[in-house]
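Protein chains: 2
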Amino acid sequence: MKTKQNILIIGAGLCGSLLALRLGQRGYNVSVYEMRPDLRKVDISAGRSINLAFSDRGNKAMELVGIEEKVKALCIPMNGRMIHNKAGDTFLSNYSGRSHEYINSVSRGGLNALLLDEAEKHENVSIYFNKKCKSVDFTKTTALFKDYETKSEFIEDADVIIATDGAGSALRKSYYLSKKFLFSFSQDYLTHGYKELSILPTKTGDYKTYKNALHIWPRGSFMLIALPNLDGSFTVTLFLGYDEGTYNFNNLTTPEMVSEFFQKEFPDALELMPNLTEDFFNNPTAPLGTVKCSPWHYKGNTLLMGDSAHAIVPFYGQGMNASFEDVVEFDAVLDQNLENWETVFKSYEATRKKDTDAIADLAIDNFHEMKDHVANPIFQEKRKLEMALEQHFPDAYSSKYSLVTFNENMGYHGAMTRGRAQDKAILNMIANKDIPTVLDMTKDELKQTLKRIQQETNDILEDDKIAALKK
Amino acid sequence: MKTKQNILIIGAGLCGSLLALRLGQRGYNVSVYEMRPDLRKVDISAGRSINLAFSDRGNKAMELVGIEEKVKALCIPMNGRMIHNKAGDTFLSNYSGRSHEYINSVSRGGLNALLLDEAEKHENVSIYFNKKCKSVDFTKTTALFKDYETKSEFIEDADVIIATDGAGSALRKSYYLSKKFLFSFSQDYLTHGYKELSILPTKTGDYKTYKNALHIWPRGSFMLIALPNLDGSFTVTLFLGYDEGTYNFNNLTTPEMVSEFFQKEFPDALELMPNLTEDFFNNPTAPLGTVKCSPWHYKGNTLLMGDSAHAIVPFYGQGMNASFEDVVEFDAVLDQNLENWETVFKSYEATRKKDTDAIADLAIDNFHEMKDHVANPIFQEKRKLEMALEQHFPDAYSSKYSLVTFNENMGYHGAMTRGRAQDKAILNMIANKDIPTVLDMTKDELKQTLKRIQQETNDILEDDKIAALKK
Numbered sequence: 001m002k003t004k005q006n007i008l009i010i011g012a013g014l015c016g017s018l019l020a021l022r023l024g025q026r027g028y029n030v031s032v033y034e035m036r037p038d039l040r041k042v043d044i045s046a047g048r049s050i051n052l053a054f055s056d057r058g059n060k061a062m063e064l065v066g067i068e069e070k071v072k073a074l075c076i077p078m079n080g081r082m083i084h085n086k087a088g089d090t091f092l093s094n095y096s097g098r099s100h101e102y103i104n105s106v107s108r109g110g111l112n113a114l115l116l117d118e119a120e121k122h123e124n125v126s127i128y129f130n131k132k133c134k135s136v137d138f139t140k141t142t143a144l145f146k147d148y149e150t151k152s153e154f155i156e157d158a159d160v161i162i163a164t165d166g167a168g169s170a171l172r173k174s175y176y177l178s179k180k181f182l183f184s185f186s187q188d189y190l191t192h193g194y195k196e197l198s199i200l201p202t203k204t205g206d207y208k209t210y211k212n213a214l215h216i217w218p219r220g221s222f223m224l225i226a227l228p229n230l231d232g233s234f235t236v237t238l239f240l241g242y243d244e245g246t247y248n249f250n251n252l253t254t255p256e257m258v259s260e261f262f263q264k265e266f267p268d269a270l271e272l273m274p275n276l277t278e279d280f281f282n283n284p285t286a287p288l289g290t291v292k293c294s295p296w297h298y299k300g301n302t303l304l305m306g307d308s309a310h311a312i313v314p315f316y317g318q319g320m321n322a323s324f325e326d327v328v329e330f331d332a333v334l335d336q337n338l339e340n341w342e343t344v345f346k347s348y349e350a351t352r353k354k355d356t357d358a359i360a361d362l363a364i365d366n367f368h369e370m371k372d373h374v375a376n377p378i379f380q381e382k383r384k385l386e387m388a389l390e391q392h393f394p395d396a397y398s399s400k401y402s403l404v405t406f407n408e409n410m411g412y413h414g415a416m417t418r419g420r421a422q423d424k425a426i427l428n429m430i431a432n433k434d435i436p437t438v439l440d441m442t443k444d445e446l447k448q449t450l451k452r453i454q455q456e457t458n459d460i461l462e463d464d465k466i467a468a469l470k471k
Numbered sequence: 001m002k003t004k005q006n007i008l009i010i011g012a013g014l015c016g017s018l019l020a021l022r023l024g025q026r027g028y029n030v031s032v033y034e035m036r037p038d039l040r041k042v043d044i045s046a047g048r049s050i051n052l053a054f055s056d057r058g059n060k061a062m063e064l065v066g067i068e069e070k071v072k073a074l075c076i077p078m079n080g081r082m083i084h085n086k087a088g089d090t091f092l093s094n095y096s097g098r099s100h101e102y103i104n105s106v107s108r109g110g111l112n113a114l115l116l117d118e119a120e121k122h123e124n125v126s127i128y129f130n131k132k133c134k135s136v137d138f139t140k141t142t143a144l145f146k147d148y149e150t151k152s153e154f155i156e157d158a159d160v161i162i163a164t165d166g167a168g169s170a171l172r173k174s175y176y177l178s179k180k181f182l183f184s185f186s187q188d189y190l191t192h193g194y195k196e197l198s199i200l201p202t203k204t205g206d207y208k209t210y211k212n213a214l215h216i217w218p219r220g221s222f223m224l225i226a227l228p229n230l231d232g233s234f235t236v237t238l239f240l241g242y243d244e245g246t247y248n249f250n251n252l253t254t255p256e257m258v259s260e261f262f263q264k265e266f267p268d269a270l271e272l273m274p275n276l277t278e279d280f281f282n283n284p285t286a287p288l289g290t291v292k293c294s295p296w297h298y299k300g301n302t303l304l305m306g307d308s309a310h311a312i313v314p315f316y317g318q319g320m321n322a323s324f325e326d327v328v329e330f331d332a333v334l335d336q337n338l339e340n341w342e343t344v345f346k347s348y349e350a351t352r353k354k355d356t357d358a359i360a361d362l363a364i365d366n367f368h369e370m371k372d373h374v375a376n377p378i379f380q381e382k383r384k385l386e387m388a389l390e391q392h393f394p395d396a397y398s399s400k401y402s403l404v405t406f407n408e409n410m411g412y413h414g415a416m417t418r419g420r421a422q423d424k425a426i427l428n429m430i431a432n433k434d435i436p437t438v439l440d441m442t443k444d445e446l447k448q449t450l451k452r453i454q455q456e457t458n459d460i461l462e463d464d465k466i467a468a469l470k471k
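Heads up: the sequence lines are chains A and B, in that order. What the first sequence shows, in the UniProt record's numbering, is residues 1 to 471, in sequence order. What the second sequence shows, in the UniProt record's numbering, is residues 1 to 471, in sequence order.
No wet-lab data here; the hints were simulated from the structure. Some clues are possibly wrong.
[Unchecked claim] Distance windows between CB atoms, simulated:
| id | chain 1 | residue 1 | chain 2 | residue 2 | range |
| --- | --- | --- | --- | --- | --- |
| 1 | A | Lys121 | B | Gly245 | 30 to 38 angstroms |
| 2 | A | Lys4 | B | Ala350 | 37 to 45 angstroms |
| 3 | B | Asn283 | A | Thr150 | 49 to 57 angstroms |
[To be verified] Covered stretches of chain A (chain B as the covering partner; in silico rule of three or more C-beta atoms under 8 angstroms from a C-beta of chain B):
| id | stretch |
| --- | --- |
| 4 | 30–39 |
| 5 | 231–240 |
| 6 | 375–387 |
| 7 | 423–430 |
[Said to hold, decoys possible] Computed, partial: chain B to chain A, Cβ under 10 angstroms:
| id | residue |
| --- | --- |
| 8 | Asp188 |
| 9 | Asn282 |
| 10 | Ser294 |
| 11 | Ile430 |
| 12 | Ile466 |
| 13 | Ala467 |
Here a beta-carbon is modelled for each residue, glycine too, at the ideal position from N, C-alpha and C.
Please work from the sequences and hints to get the whole structure.
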């Protein structure tokens with residue numbers, strides 16, 4: 001395919017701006033239309049998550065476009081989960097036994113601004129703001145926009161349209177409503193919503209609690225988490241049911257009730273949050289949904305990418321990383337020099353969809369893990385064992401978390417399959433008291449345990465394969 | 001709750017007419033609006049499946065309303081699957097080792113007509129035809145209809161509206177489009193479609209092939225099936241990919257190609273189908289989709305039931321049975337005399353949804369089982385073993401198929417969980433050659449094998465439970 005084709009990208013968020021940068025580097029003529037104002041000029045953070053988890057899959061994409069060092073400057077390493085119980089006791093559960101493996105808290109706005117700057121360095125990339133896509137005529141490869149400044153509507157055409165316009169995608173809506181082809185689609189909401197709160201810095205600009213961790217207050221059916229920001233603050237998120245339980249978003253209607261709830265459930269967090277009730281009633285409560293669909297493309301005309309194709313809940317810290325990985329995978333398909341866009345899109349979806357389906361499911365699993373399992377003794381013993389294995393046998397063992405988060409050359413689907421089997425093997429060995437507790441293990445016993453886990457894991461995978469009658 | 005309330009039912013198909021009958025028996029004032037003409041007066045079979053599998057869950061509903069004997073007269077027992085290979089050899093694989101367990105082929109039209117007749121015997125039940133529901137205002141409990149005869153539109157209100165209007169439900173669409181609450185929804189299409197064909201009776205009105213079986217021609221990635229009708233004919237259904245493989249719905253465009261395809265893949269069926277190409281080009285190709293959603297109800301105003309809440313693919317022969325079971329389950333909730341409709345609807349969905357989700361997944365599993373696994377030697381050995389177990393230990397063993405189909409007092413979810421674990425246990429024992437082939441087993445060995453299967457099944461369930469960290 002010739003590279004001087006015109007590619008129209010809908011949405012200049014994290015995925016769209018990275019895609020524009022990469023396609024710009026590849027020599028395409030790229031036009032990006034974004035409904036919001038330019039976030040480098042206007043503060044538009046309200047209502048969207050302020051910081052995000054950034055890890056190895058995302059970083060692989062940054063390496064692809066050559067900006068990994070610039071991104072590092074925006075990152076705060078988080079080495080593990082800092083678990084807070086009701087009494088205010090804490091313990092740190094590392095994400096990996098290998099010290100070079102950690103995740104990062106990164107500012108959404110800062111990273112998006114960097115990507116926009118880098119994309120715009122390319123003459124063949126143009127970005128237009130305040131232009132909202134209303135619908136896409138995918139049979140004609142044209143998109144209808146509304147200009148929020150002039151209030152006028154206009155139509156743009158292109159050789160190819162790629163929608164990176166997020167969970168509420170206009171292209172996906174056009175696919176769904178047109179009924180021109182069989183479009184599989186799901187939107188699944190949790191019965192929980194979330195609300196962003198904050199822990200402000202001390203008067204001297206310092207962090208009020210430990211900086212290099214993702215803080216979790218797990219309470220079984222709900223939880224509070226906190227991620228650090230560069231300015232010394234933490235963005236705190238409350239995940240809570242809309243209707244269920246003694247306290248929920250529907251019945252927390254007064255400052256007194258909110259304070260009572262935090263006093264009872266999160267007293268150590270409440271001490272750091274004098275601004276709690278103000279935040280609580282100023283900030284919106286937002287839903288938590290998963291979107292899957294297929295096909296992502298219509299012939300060689302249009303393609304969904306990022307959240308527009310696969311929006312996920314935030315509990316694995318992989319939403320942004322998965323969208324960045326989309327661009328890496330798409331780029332790899334472009335390297336194959338296939339004959340036309342339809343073949344490119346088909347090939348991309350055929351390799352990619354099993355992985356984005358997997359991370360969607362893993363993210364739901366992690367919701368239960370974070371709010372509940374992290375406080376379960378068997379789960380905690382598993383994590384301690386896995387830390388020891390990763391520390392002592394760094395080349396031989398990676399936990400599910402490590403496979404998903406730090407093994408960017410293994411797809412999410414493979415990581416899920418192997419990781420779930422390992423978890424099952426270990427949890428059963430611990431529950432059945434088949435192995436000593438990790439604190440009591442000699443190095444030799446640890447090695448024996450590793451071998452048993454590997455054997456049990458392979459047996460589980462083999463049994464599952466036979467049960468599925470796979471050829 | 002008082003019983004003299006006005007209940008509006010949208011749709012007088014199998015589920016709607018049964019629901020009308022049951023609510024009529026309970027003393028409610030029931031009005032049913034159906035978009036099609038009265039099928040007792042006009043032939044409207046075109047494009048819909050002509051016969052359906054009717055089994056124990058459906059029969060339980062018929063017993064509830066007291067018409068099981070009348071339904072029996074419409075049924076043709078099918079004792080098993082008659083598997084046809086390419087050479088035209090056949091073998092019968094029974095559905096159960098217990099001779100009183102079999103499924104039935106029943107005429108959709110005949111059964112629906114019976115239910116309408118029975119419902120209309122109640123003075124407090126009125127059924128209106130040619131009235132299409134266009135939308136539902138669920139906040140006001142009103143529905144907008146178009147009268148196909150007068151072309152006018154009108155609005156009806158009621159104390160409660162229950163939509164039994166099938167996979168394309170107007171109420172579900174109103175839920176989805178309103179965005180007034182978080183509505184989880186999925187539509188999932190298989191990449192295969194289906195087309196109905198026929199084997200006509202002999203000139204003397206006899207069946208051209210074995211009457212009391214569900215015939216299957218499994219070919220790995222596609223299949224043909226046939227179910228008997230009372231008039232001596234069989235309704236034949238081709239399940240085939242739209243695009244994939246050498247032959248598919250998109251490329252079978254001429255009578256010559258269709259004949260070539262059948263000659264190559266289904267020569268013994270082709271001999272019975274001189275009318276093949278005529279049927280093929282006269283009858284539509286239809287998609288195969290699964291619909292799930294939640295919540296089914298809006299407060300105490302409106303409720304989805306039957307296919308409108310959970311449309312499934314036809315491969316387990318449970319679509320109609322599941323919808324009939326909905327009425328049985330709903331009736332059981334009504335028996336609890338809860339305080340209001342909202343509580344009734346919540347309680348109904350809370351108990352029912354896990355089961356309709358399960359049968360949706362089981363139906364997809366069975367698609368692969370019917371087109372592919374039934375021809376797999378390990379699967380065939382499993383079925384032979386299960387037949388022997390059910391025959392010799394009728395009180396101690398039921399296969400997954402039996403649990404789903406013949407155990408109407410166990411929910412689909414329980415049947416799925418136990419059935420899948422059993423399958424996994426048996427398939428692994430056979431694949432690993434842990435047990436003799438069933439033909440070589442003594443009765444004592446068979447008994448030992450049963451014990452091992454039970455033990456392995458329980459171990460699998462226990463391991464899964466530990467892995468899920470369920471409390």
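Tested hints:
no.: 1; hint: A:Lys121 <-> B:Gly245: 30 to 38 angstroms; verdict: 48 angstroms, violated
no.: 2; hint: A:Lys4 <-> B:Ala350: 37 to 45 angstroms; verdict: 59 angstroms, violated
no.: 3; hint: B:Asn283 <-> A:Thr150: 49 to 57 angstroms; verdict: 53 angstroms, holds
no.: 4; hint: 30–39; verdict: violated (count 0)
no.: 5; hint: 231–240; verdict: violated (count 0)
no.: 6; hint: 375–387; verdict: holds (count 3)
no.: 7; hint: 423–430; verdict: holds (count 4)
no.: 8; hint: Asp188; verdict: 5 angstroms, holds
no.: 9; hint: Asn282; verdict: 22 angstroms, violated
no.: 10; hint: Ser294; verdict: 8 angstroms, holds
no.: 11; hint: Ile430; verdict: 9 angstroms, holds
no.: 12; hint: Ile466; verdict: 5 angstroms, holds
no.: 13; hint: Ala467; verdict: 4 angstroms, holds
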